[in-house]
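Trainee: Listed below are the residues making up each chain.
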Amino acid sequence: MFDFIYIEEAVLQYARTREILARFPNATHIPCQRYGEVFNRKAQDFRLQKQKPALILARKHGNLLLEAPPGYGIGSQRNFYFSHMLNCLYDCRYCFLQGMYRSAHMVVFVNFEDFQDALAKEIVQANDDTPYFFTGYDCDSLALESITNFVASFMDFFAAHPQAFFELRTKSVNIKPLLHHPPLPNCIAAFSMTPSDIAKVLEVGVPPVDSRLDAMAKLQTLGWPVGLRFDPLIYQSNYRDHYRALFAAVFARLDPDQLHSVSLGQFRLPRQIYKTMYQLMPDEKLLAYGLDEKAGMVSYKSDLALEMHTFCSEELLRYISPQIFFPCPSTTLESPS
Amino acid sequence: MLNLIVATQTEARPLIAHFHLQAANLGSAFPLYHKDDLRLIISGIGKIAAAAATAYLFGLAPENLAAWLNVGIAGHGQAEIGQALLIHKIVEHSSGRTHYPAIAFAPACPTTTAITVERPEEEYPEPCAYEMEACGFWPTANLFSTAELVHCLKIVSDNKENSIKTLNKQRVEALIAQHLDLVENLVQLLSATAAQLAQRRHPPLHFDHFLKRWHFTATQRHQLQRLLAHWQALSPERSFTEDQLKDLHTGRDILSFLRHQLADLSLDLCSTSSI
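Listed in order, the protein sequences are those of chains A and P.
Quick note on my numbering: the first sequence kicks off at 263 and runs consecutively.
Quick note on my numbering: the second sequence kicks off at 8 and runs consecutively.
Hints listed in this document are in silico derivations from the structure and should not be mistaken for laboratory results.
Any given hint could turn out to be false.
What the hints assert, rightly or not - Pair ranges (Cβ atoms, derived):
1) ALA31(P) <-> ALA557(A): 13 to 23 Å
2) LYS537(A) <-> ARG220(P): 51 to 61 Å
3) GLN295(A) <-> ARG220(P): 25 to 35 Å
4) PRO532(A) <-> ALA270(P): 52 to 62 Å
5) PRO210(P) <-> GLU329(A): 52 to 62 Å
6) GLN232(P) <-> GLN520(A): 50 to 60 Å
7) LEU212(P) <-> SER583(A): 48 to 58 Å
8) GLN232(P) <-> GLU299(A): 34 to 44 Å
9) ASN32(P) <-> GLY324(A): 56 to 66 Å
10) PRO210(P) <-> ASN500(A): 24 to 34 Å
11) SER408(A) <-> GLY66(P): 48 to 58 Å
12) ILE55(P) <-> SER408(A): 30 to 40 Å
13) LEU150(P) <-> MET263(A): 29 to 39 Å
14) LYS537(A) <-> LEU150(P): 32 to 42 Å
As the list claims (entries may be wrong) - Cross-link-like lysine to any residue pairs, in silico, SDA-like; alpha carbons within 25 Å at most:
15) LYS556(A) <-> PRO69(P)
16) LYS537(A) <-> LEU269(P)
17) LYS537(A) <-> MET559(A)
18) LYS304(A) <-> LEU269(P)
19) LYS462(A) <-> LEU446(A)
The C-beta atom is built at its ideal place from N, Cα and C for all residues, glycine as well.
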């Protein structure tokens, strides 16, 4: 899978580093001082590297936890996210990572214990509030699990902190670490979903929707809290048919009464990220149609965004209770003037 | 376009012959050879010479998405004589500065770290390639091109068992000649990648034609480029008829026309074209 693995010299002797390296006996090891030397430098091409990304093993310094933007919670006012990994195995054409990062190499921060310390500190500071911690912002939480053992490493931590909630955002069906552990009521496996035909075109390398539904159904049967994330909503001319079919397929497999949460999000990109993505993929239809810029964000034009949001909300609420429905706020969802 | 940077005439000779390069008739500061989209420049030995030759070559025909390849001999602390090695890390011995070529393909030979030294190495303390150009060549070429298109290929000519002092011109030529297929494959691969990137930056269809036919302000030119690029992405098989264009007289008319055309398109992501 990886021909080249860059390793920060400071983490060469970490046990986790050695475990990961042992999985790639034929890879070439390239020591570096800090991962930014490779990852952050200018004059490199994300799309070229995506054809053959390298792995980078590093130590995360500084702020290991970041506050989530206001309004992006699923039941709490104290929301944080953390990233044990940068970049994703998958290649979704709408993904902001390719506009945000200069490199497509996958960075794994092997100092999981430091993340856990930061989480524990925040949980103490939360007192009686219920903090939510989201993973899967800069990567897919489960896709590279067989290499990182991230979820397996954090299971005991999640179990030891029942007063906090943890979301694993994923498109992967690699649910083994969850199958091998008793379900935790405070650990939500949240699956991102897009209509099947759209997913086939835009979500390169991602397991088909049906496979994701199988995984979700299995987890639900075992008692794991499962979440649905329809984010981003993707427009195309007959989107109503596609989304109606998707919701029907989802709720034919899953028990809506046993779902933890369902969220809905607009397709939105900060202006500079959109610009970078467009330069990388000028032929991508998704980036050429129906978009507008407002307040530094590029998203579908107001009337279109509102129409899609309204339609999908109404459809979803035919299946689920409003108590578990969390549509993401967006500046585009204002009535057209 | 691919630019080959080679330190000496001896190392260059097999490459010039293999690629049928012709000497350029320029009063240039460096010997220069070329054919079609391939250029070779002989820089002289050392990182400063390599940097200068690289910048000089770029200046002759600035083309941001050219690929660059430095080919030459090197000593090595471990590898066998004649081994070809692609460089995955470059260290400047005098300063410790490092560079990392981005190898975004499956390399056809082993890779190694190159240590750029001021004088030929005779001790070979590390299991690395010891050479004299990479840390001048690579960062300079990287100013003009993306990291995935700038590479160094070294052929091991000396090591602990075979002193650099035993090298002569015939042996150096023979070492390079041994790996012409590898160089050729690299040239083709990198040239194709450069062409792929160049296509990405190509102005959209009809852009030049529209610019010639109507006047656009600078701002309107940007808008025109964006609208035509969107049209190309959404409806590449459709063109504009003369009937549609004949009554449009200004740049503003054209932009308005294109916006209406785009607004009338439907979007089907699942097929290869829009409706």
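Trainee: If a hint holds in the structure, say so; if it doesn't, say that too.
Mentor: Evaluation of the provided hints:
1. ALA31(P) <-> ALA557(A): 13 to 23 Å: Hint violated: Cβ distance 54 Å, outside 13 to 23 Å.
2. LYS537(A) <-> ARG220(P): 51 to 61 Å: Distance hint for LYS537(A), ARG220(P) is violated at roughly 28 Å.
3. GLN295(A) <-> ARG220(P): 25 to 35 Å: violated, 55 Å
4. PRO532(A) <-> ALA270(P): 52 to 62 Å: With a Cβ separation near 25 Å, PRO532(A) and ALA270(P) fall outside 52 to 62 Å, so the hint is violated.
5. PRO210(P) <-> GLU329(A): 52 to 62 Å: violated, 43 Å
6. GLN232(P) <-> GLN520(A): 50 to 60 Å: holds, 52 Å
7. LEU212(P) <-> SER583(A): 48 to 58 Å: Taking Cβ atoms as reference, LEU212(P) and SER583(A) lie about 51 Å apart, which means the hint holds.
8. GLN232(P) <-> GLU299(A): 34 to 44 Å: For GLU299(A) against GLN232(P), whose Cβ atoms are near 35 Å apart, the range 34 to 44 Å holds.
9. ASN32(P) <-> GLY324(A): 56 to 66 Å: holds, 57 Å
10. PRO210(P) <-> ASN500(A): 24 to 34 Å: holds, 33 Å
11. SER408(A) <-> GLY66(P): 48 to 58 Å: holds, 49 Å
12. ILE55(P) <-> SER408(A): 30 to 40 Å: Violated: the Cβ-Cβ distance is about 48 Å, outside 30 to 40 Å.
13. LEU150(P) <-> MET263(A): 29 to 39 Å: holds, 32 Å
14. LYS537(A) <-> LEU150(P): 32 to 42 Å: violated, 22 Å
15. LYS556(A) <-> PRO69(P): violated, 37 Å
16. LYS537(A) <-> LEU269(P): holds, 19 Å
17. LYS537(A) <-> MET559(A): Distance of about 11 Å is within 25 Å: holds.
18. LYS304(A) <-> LEU269(P): Given pair LYS304(A), LEU269(P) is violated - Cα atoms ~34 Å apart, limit 25 Å.
19. LYS462(A) <-> LEU446(A): violated, 32 Å
In the structure shown, a violation is registered for the earlier hints numbered 1, 2, 3, 4, 5, 12, 14, 15, 18 and 19, in ascending order.
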